[in-house]
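S.K.: If you want the building blocks of each chain, they are given just below.
Number of protein chains: 2
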Amino acid sequence: MINNKHIINNLAFNNDKKQCLYKMKTIDKSKKGSIDALIKPLLELINSKKDFYTTSSCSGRIIVVALPQNKRKYNTKWLFVSHEEVAVKDIIKHLEAIKSVKDTVYLRFEPIILHIAATSVEKAVELINLASSVGFKRGGIISANKKIIVELVGVDTLDVPIAKDKKLMISEDYLRFIIEEANNKLMRNKERIDLFYEKIKSKI
Amino acid sequence: MINNKHIINNLAFNNDKKQCLYKMKTIDKSKKGSIDALIKPLLELINSKKDFYTTSSCSGRIIVVALPQNKRKYNTKWLFVSHEEVAVKDIIKHLEAIKSVKDTVYLRFEPIILHIAATSVEKAVELINLASSVGFKRGGIISANKKIIVELVGVDTLDVPIAKDKKLMISEDYLRFIIEEANNKLMRNKERIDLFYEKIKSKI
Chain R
0 MINNKHIINN LAFNNDKKQC LYKMKTIDKS KKGSIDALIK PLLELINSKK DFYTTSSCSG
60 RIIVVALPQN KRKYNTKWLF VSHEEVAVKD IIKHLEAIKS VKDTVYLRFE PIILHIAATS
120 VEKAVELINL ASSVGFKRGG IISANKKIIV ELVGVDTLDV PIAKDKKLMI SEDYLRFIIE
180 EANNKLMRNK ERIDLFYEKI KSKI
Chain C
0 MINNKHIINN LAFNNDKKQC LYKMKTIDKS KKGSIDALIK PLLELINSKK DFYTTSSCSG
60 RIIVVALPQN KRKYNTKWLF VSHEEVAVKD IIKHLEAIKS VKDTVYLRFE PIILHIAATS
120 VEKAVELINL ASSVGFKRGG IISANKKIIV ELVGVDTLDV PIAKDKKLMI SEDYLRFIIE
180 EANNKLMRNK ERIDLFYEKI KSKI
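Just so you know, the protein sequences line up as chains R and C, in that order.
Heads up: the first sequence at position 113 corresponds to 112 in numbering that gives the first Met the number 0, and the numbers run straight through without jumps.
Heads up: the second sequence at position 176 corresponds to 175 in numbering that gives the first Met the number 0, and the numbers run straight through without jumps.
Think of the hints as simulated: they come from the structure by calculation, not from any bench.
Beta carbons: idealized from backbone N, C-alpha and C, even for Gly.
Check before you lean on any hint, since a few could be wrong.
Claimed, not checked - The list that follows gives simulated cross-link-like pairs (lysine-lysine, DSS-like), each with its CA atoms no further than 30 Å apart:
1. R:K189 with C:K189
2. R:K88 with C:K163
3. C:K189 with R:K165
To be verified - Which chain R residues stay away from chain C? Per the calculated CB distances, all over 10 Å, these:
4. K4
5. N13
6. N14
7. S47
8. I62
9. E95
10. A96
11. K98
Please put together the full structure from these sequences, using the hints given.
M.R.: What follows is the structure, given as structure tokens:
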């Protein structure tokens, strides 16, 4: 027997999905909010499945960022962002800005992060298990009130303090070493994205 | 109306809780598996609440670890672990081991991680929201098949490559700097644990 609550929930999910995908398309046409190319096929695949749609995403990025001690997000100062491999000279020219920053400055690699709406807790768990099987470290249902939202986060991270009190704390040699590490993590993160794509294609 | 499924679920939850807490107590008596003192009051508070019990935990730690490129956990080589503040000399004496390690070696701060069983998805989400309000970055339901398990992870991290190919890549000055950073993160992580304790006490 098909129950009424189930039908209403399904209608609401499909309506939300339509609105969310329309918004994404509109934003994607503007320069500012464009979805990074690397992750687009994965998002399109997820959005083609009837039980899921993506609400936000980042494919992974190399960043240089100044963080105040209390780490409130609104105080964060961004010095550099790249979703692709970087060269040492790209970073070096942005390090000039450090001379005006008192807070601790970090070079980071942040892995893929996805927020995905699901039709049910069971479907959400299925997706979490799939992500876990390709080596995503963190995955969980972060909201289950009005909508069921899954957060998936990659495993490849780097989090290196490089400056403090307007002073660079590392040598150029060491900078070269950590940029190589960051580029390696970017590559491994990409491999995991490809693997996740294949898993979803064959299993969901 | 109290429904039968609800009663059976509740009985199963209470039974699992009893078994899990008994196991924890037994392990805690041995030296090897002892729960870190810092987190004990928080675990006891959570376990005193009827809708929750803890299944595993780490209060946060400063580690030195060698990671092979593919990052499979079983290949990881641990060189140093501390759940408390560390002195530079403590780390230095463990760095001798680097001379025999070809893989990249990291100095890391890993924040608090908790796994908690909950009686329902609603109760799990309540706990996740509370954790989020004290600044825990990641929180989600990671399993909802037989048991509902919540994972909560702190926000304070550090992930610094310090050696590769049997060679230390950083100066003693920089080591001093990152150990200071690691100790600061440990302290902020502890502040968040205290805050979370107070929130649970007053809100759940």
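S.K.: Run every hint past the structure and note whether it holds.
M.R.: Outcome of the hint check:
A threshold of 30 Å between alpha carbons decides the hint, and for R:K189 with C:K189 the separation of about 34 Å lies outside it, so the pair is violated. Only pairs whose Cα atoms come within 30 Å are accepted, and R:K88 paired with C:K163 is accepted, the gap being roughly 22 Å. Distance restraint check for C:K189 and R:K165: the Cα-Cα separation of roughly 28 Å lies within the 30 Å cut-off, and the hinted pair is therefore satisfied. A cut-off of 10 Å between C-beta atoms confirms that R:K4 is not in contact with chain C; the least separation is 16 Å.
With a minimum CB-CB distance of about 22 Å to chain C, R:N13 clears the 10 Å threshold, and the non-interface call stands. Distance to chain C confirms R:N14 as a non-interface residue, since its nearest Cβ pair spans about 22 Å, more than 10 Å. Look at R:S47: its CB is around 24 Å from the nearest CB on chain C, clear of 10 Å, so calling it non-interface holds up. In this structure R:I62 is separated from chain C by more than 10 Å, as the shortest Cβ-Cβ distance comes to about 13 Å.
No beta-carbon of chain C is positioned within 10 Å of the beta-carbon of R:E95; the least distance is around 21 Å. Every Cβ of chain C is farther than 10 Å from the Cβ of R:A96; the closest lies at roughly 20 Å, confirming the non-interface assignment. Every C-beta of chain C lies more than 10 Å from that of R:K98, the closest at about 18 Å, which supports listing it as non-interface.
Checked against the numbered hints given earlier, the structure breaks only hint 1 and satisfies all the rest.
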